[in-house]
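Novice: Here is how the chains run, residue by residue.
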Amino acid sequence: MLEKTLTALITVLAGIGAALILYWVLNKISELLPEKYEERLKPWFYILPAYAAIAIFVIYPAVQTFIYSFKTKVGFPAETWTGIDNYTTLLSSDAFRQTLLNTFLWILFVPVTVVVLGLLVALLADRLATRGENAVKTLIFMPMAISMVGAATVWGLVYDYRPPGRPQVGLLNGIVDALGGDPIAWLQENTLHFNSFLLMVMLLWMNVGFAMVLLSAAVKGVPTETLEAARIDGAGERQVYLRVVLPQIKGSIITVFITVLIGVMKVFDIVFVMTNGNFNTNIVGNEFYLQFFNNNNQGAAAAIAVMLMLAVIPIMIYQVRTFRAEEAGR
Amino acid sequence: MLQRRTRRKMAATAVAGALALTAAACGGDDGGSGDDGGPVTIWMSLDQSVVDGIDKQMQIAAEEAGIEVNIERVDGIDKLIKTKIQAGDTPDIALLPQPGVVASVVELGAAFPLDDVLDTDALESSMVAGALDAGMVDDQLYGLLTSMNVKSLIFYPKKAFEEAGYPQPESLDELTELADQIKSDGGTPWCLTMESGDATGWVATDWMEDLVMRYGGADAYNDWVSHDLPFTDPVVKEAAAYFENVALTEGNVLGGQQAITATPFTEAARPMFDEGEPGCWLLKQGSFFVGPDFLPEDVFANLDEELGVMGFPPAEAGGENPVLGGGDLAVLMSESEDAKTAMNLLATADIGKDAAPVSSFISPFKDFDASLYPSETTRTIANVAYDSTAFLFDGSDSMPAEVGAGSFWKEMTAWLNGDTDIDTALQNIDDSWPSS
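Keeping their order, the protein sequence lines are chains L and C.
Going letter by letter, the first sequence gives residues 1 to 330 in my numbering.
Going letter by letter, the second sequence gives residues 1 to 436 in my numbering.
Derived from the structure by calculation, the hints contain no laboratory data.
It is possible that part of the hints are untrue.
Just some of the chain L residues that point at chain C, by a computed CB distance under 10 Å [said to hold, decoys possible]:
# : residue
1 : VAL58
2 : TYR60
3 : ASP94
4 : ARG166
5 : GLN248
In silico BS3-like cross-links for lysine-lysine, where the CA-CA straight-line distance does not exceed 27 Å [to be verified]:
# : chain 1 : residue 1 : chain 2 : residue 2
6 : C       : LYS82     : L       : LYS4
7 : C       : LYS79     : L       : LYS73
8 : L       : LYS28     : L       : LYS42
Using N, Cα and C, we set each Cβ at its ideal position, and we do this for glycine too.
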């Protein structure tokens, strides 16, 4: 323990010291330059370490992943180039196409629902007295504080199944049983991807609180003068919300939507813990994990990561653009 | 060691500057390879009670041998060991739960062969048949079986079973007859449930393995595990047909087909001890099922009176009788003399003397003092293994992970869930076998 603490302490001191020395040296170097260049180049010297960190920890791995996606047996002595085999094998497999379809359903369903529900709660809670509002918000925000795996345990009990005639432990089947029905194998029932939607409900449960907090703050940030003006002009409550409040919080809505969207594209733990992709519930994040850690097929995993990266990039660009446009508008 | 590590880290932090804190969080570690003359470190992920028992005997033996041994319990060693190898921070000996993990550690160049370290001829005769074969990689011994569990077992509610006067089946056909008899007496023969979260499917693959080794024998089984016999081979199909008959015949399984994939595997045994008639009568599961997590409290308290156990019968009465099992394989990851000495200490029956009475530990040594086992049930289970013609490791563990813990699980699950038929499932598994 002492050794560990000591190591940690030395590392921290050495790290900070090294950083200080680095900046001191960079500063000295810039001072050696003619004055004209010194002023111009100094900011670059200061920002260089940050860029270096990004290059090492973001750009380098991304490039590496891209390269790996054209290889097989990555990390083993038998590592070889395979061209686009990883991509074609994946895309031509029925299972992976189902995985893509499932992921698409998640993308289609979850972000929109999160925003709508979050907004609804934010608007409704806004009309409650302070104490009521706080209570409601706390309750809805609480799942956010639970880890995904913890949530899976909770929802495992909700969806639990026992054979007919046995005591039902699960919440839903408890209700079904009490109503005199036969227990339903919730997570095994994949007609119309029913079970995938049940898994999505878990993510909604966890994310609506997040959306609510951000959107609620935005709603409260709307200047009351604009609302009053609209009401004086004879707008009904619905019009006030749709024409006055919503346009003013559009930026927050987009931010929440995109954050959730990117979260959904990466979602993994829920599916991994609940079904591991069985019963046709597989999604890209889980498939990546299986390929990388289970199948030791880093090439295919990298190919999945690249496809995911390509899919995320347009969204990121859109996000940055809206953000910039908003900043400019301020 | 500390110095070298710190220096390396300092160099890294000099580059990363502000990221020093992150690096510090991963700083300082225990273990470390024993080449530096420190104590021999042994990592294992067995139950704490087993680890404590082995540690107790190991300390006694180590003191006699004049070496220092440090046994540590770690979580999930099968995954941990690979990251530790990449980090260059391995124990001297690791107890790995599967031959497949042993093979990948060998492939990563982190293990040393045991052929010259251990007296293999003596072990061949003192251990259960086939124990050494389980630790072989490329015809060299890398893993020494140190503890084992047995999977070819059928549990039954002892009192009700004896009251009904049911016979113990001697062959697979007799097992079918027994199930039919239970059905015609108005009961449900099989307790078969397999939901296991992210690992759903292993219950079904255990069934398949047991049946393949019965219909094909030990050699065909090993060929199948190494894919010299494809999943579409008639032997595999014959095994699948038997399993299909067990699992999908109307009225054979408690709750019907839907209940198989949806009910947690942990719940399988409880209906056997329902008030009045057993809800189901026969459960094929591994020895680990004899535990407080899987059995009703009062059954576990009166194990020998309540719970019956017998070996999963061979294909033909009196014929080849292989047994499916698992266990932990000790792998040597250091070349130091002390580590080799410690390896030899693990290769004795005595090492389990303190673990057996307090846990589910079963020794792979046939000359282990059976009176140390805590119950008649455990003794019966151990004898199933000792009497077998070959102790064969869980094949799905030895298959490449994309099959053994991937498509084999998933396709069996899809088949039993009614999402695909058995021929497609077997074909898909075969197709998923990695080409190289």
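Novice: Against each hint, give a clear statement of whether it holds in the structure.
Specialist: Here is how each hint holds up against the structure:
1. Proximity of VAL58(L) to chain C is violated relative to the hint, the smallest CB-CB distance being about 13 Å (cut-off 10 Å).
2. With 10 Å as the threshold, the beta carbon of TYR60(L) stays out of range of chain C, its nearest partner Cβ sitting at about 12 Å, so the hint is violated.
3. Because the closest C-beta pair between ASP94(L) and chain C is about 9 Å apart, less than 10 Å, the hint holds.
4. Hint on ARG166(L) holds. Least Cβ distance to chain C is approximately 7 Å, under the 10 Å limit.
5. Look at GLN248(L): its Cβ only gets to about 38 Å from chain C, farther than 10 Å, so that hint breaks.
6. Among the hinted pairs, LYS82(C) with LYS4(L) is consistent with the structure: their alpha-carbon atoms are about 23 Å apart, no more than 27 Å.
7. In summary, the hint linking LYS79(C) to LYS73(L) is supported, as the alpha carbons are separated by about 18 Å, within the 27 Å threshold.
8. Of the pairs offered as hints, the one joining LYS28(L) and LYS42(L) holds, with about 10 Å between alpha carbons and a cut-off of 27 Å not exceeded.
Going down the numbered hints, you'll see the structure goes against 1, 2 and 5, while the others check out.
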